[in-house]
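Student: Residue-level listing of the chains:
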Amino acid sequence: MIGCLAILLAASPELTVSHRRVMTPDAISLAVYRYERPGAKVAPPVVLVPDVGFTRAAYDFEGRGLARSLAESGRTVFVAELRGQGKSGPGVSLEAMARDLDVVLDALEVQQVDLVVHGWAGSVVLAVNAEDPRIRRVIALDTPLLAEVPSTLAENFLLDGGRFSTLASSPAGAHAFELLFSMWSKFPTGTDRGFLATGTRDLSKPVAAELLAWMRSGDLPLASGSVVQRLTNWKKPTLLLVGLADGFASPELCAVWRERAGGSVKLRSFSRLETREDFSHLSLLLGSNAPAIVFPLVHDFLSRETP
Amino acid sequence: MRALLAIVLLCGCANLRVVPLPPEAEKHRPKTEDGWELSLVRYRPVGPVTGRPVLLCHGISANERNMDLDEGHSMARWLASQGREAWTMSLRATGASDGPDASKGRNLPIRFDHYWQHDLPTAINHVRKVSGADAIDYAGHSMGGMIVYAYLSQGGQGLHAVATMGSPTRLDWGTGLEQLIRTFGPTLANENVMLPSQFGAALTAPLQATFDDGPFQRFFYNPQSTLPETWQRLVLYGTADTAGGAAKQLLSLVETSRFTSADGTRDFRADMAKITTPVIVVAAKLDRVAPTPAVKDGYRSLGGPKRWLLITRANGTLGEYGHMDLVIGERAPDEVFRPVLDFFNQHEQPPRKN
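These protein sequences, in sequence, are chains Z and A.
Going left to right, the first sequence walks through residues 1303 to 1609 as my numbering numbers them.
Going left to right, the second sequence walks through residues 65 to 418 as my numbering numbers them.
Don't read these hints as lab results, they were simulated from the structure.
Errors might be hidden in some of the hints.
Unchecked claim - Stretch by stretch, here's where chain A covers chain Z in the computed footprint (C-beta under 8 Å, at least three residues):
(1) 1489-1496
(2) 1552-1561
Stated by the list, open to error - Just some of the chain A residues that point at chain Z, by a computed CB distance under 7 Å:
(3) Gly147
(4) Thr239
(5) Gly240
(6) Leu241
Just so it is clear, CB atoms sit at the ideal spot from N, CA and C, and this is done for glycine as well.
Extracted from the complex, chain Z is given alone in its bound form:
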């Protein structure tokens, strides 16, 4: 009897995941997923945005990931697939994709949110929405401030149109995916290959070309300013988490943001030296040790009061 009671008390209430569509003014349908645990809520909600070419699965793959972890802690979590991502409508411009965040926040009718972004999409989402007063704190995962001519492999991938489906179709493609997104990392069995098959979406040709041009030129011009300009003037409290083995958003392009932003960005980086695991683009989110090493830093940072 006592044992049964203990089990009932220990069991966490069921996490619910719901889905809705949000329509942009230019008639692009966006997919937004809500994660919630019944009971007391910890404010504010958290909005998670995947990187270009990734889907909601970056935050919730086979029942694990940062979305569920944050929801389990009492936060209301939204994973927003912007245009070109996941099950949202097509996207042909990085800036247009980033502007979708404003539409999502309007639709959610939230006064304040914490934001989690990833990779190159993260950079442009933050740059475009830098002045949005609803964004309270930010977690930026492998989010570059600067860009540079990419590795031969990344360049070839983007010249080929950023087609993850091509990578998934051959051993050579899977090897390329490993070098760019999961190198030298530890994953639960099958995660990296499984994610390639189900957690990615081909870039549109214009977005692949725009991303490559961004990398080659060093900056992405925006309607107002550029990514470098806007992130250099960044003011919101931000924790930048960097996997030192990232082959797609190189750590040297991300870590420099801490210095350039002048105090608002805190930096934490990860390598095998101290964690027994190297972290790459994907393993920061879905690596075997991400729940023990990365997620607690996210929880801690987002649970702080903003002065």
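Use these hints to put chain A onto chain Z, whose structure you have.
Tutor: What follows is chain A alone, placed relative to chain Z:
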């Protein structure tokens, strides 16, 4: 347990031996202006001369054998085979160079500043004098690259083109290790001692290839690129005691993120913008001693002309590289030394005789 340890050590030792320098290695001992004899080894070019002499300098806790481990792992001998006169050097109190000796006026502390103010100029001038070249090329690994950054940033002369490999200019990258260094570094880095890193390395050399993914692999090299037995040899005779003064000075890279002279009056990183000597900056993707952001910081600080080279499979290498793989990797001649030499050659003009 002791017996087991003894057996392991004996088994390891059986395969370990110091590989002597070859007969063609020519030993030199120039003296610094403050009284320290330095060990330099010269390899004359094999075949037609293709360019200037190249001086090679090792990193902290190391000696000249880092760049000249054996026939198959020697940047010096490889450069000589390509028609370049190549020189290795041991900084003061490392390798066959003079050690501290109070009776002869060679006192501690030895700081990083001694390396760039005395040792490097002495070696450069000696190579120029012996070879007759007005300016030479230079390749530095790890701290060997930092030394040349400091030297050039303060107006040092005599270098034509430079390569730095795994050379950081700040080390505060938000790792958990930083906190340990901040906590224990100041205590360990006593200016008035030589830290016994050579003894510790030699003692543990037989064990260092025993454990897959052990701390040495994780910190220093990647078995994708360096065979464990190669690493063991480097540990056996390529290491040196560490000058506490140099270690203490370099702690600022972690503690304050500054790369400065010991007295703080010279800001090397800021002054690197004045450098106009061509520099190729080489970084290894899986370097956990000098992570790529730490190396890139130096690249960004340079005035130019400059080139960035990231060694990674995504750029065509067959394996990933860690910190030491850049100089002792099994494929380093093709994947590291070759692009470095190509860079030197691109900036080559016929060397003038003094």
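Student: If a hint holds in the structure, say so; if it doesn't, say that too.
Tutor: Right, here's what the structure says about each hint:
1. 1489-1496: As far as the region 1489-1496 of chain Z goes, the hint is violated, because 0 residues have Cβ atoms under 8 Å from chain A.
2. 1552-1561: Holds, because 7 residues of the region 1552-1561 of chain Z bring their Cβ atoms closer than 8 Å to Cβ atoms of chain A.
3. Gly147: Since the shortest Cβ distance to chain Z is 29 Å, the answer is violated.
4. Thr239: holds (6 Å)
5. Gly240: holds (5 Å)
6. Leu241: Result: holds, 5 Å to nearest chain Z Cβ.
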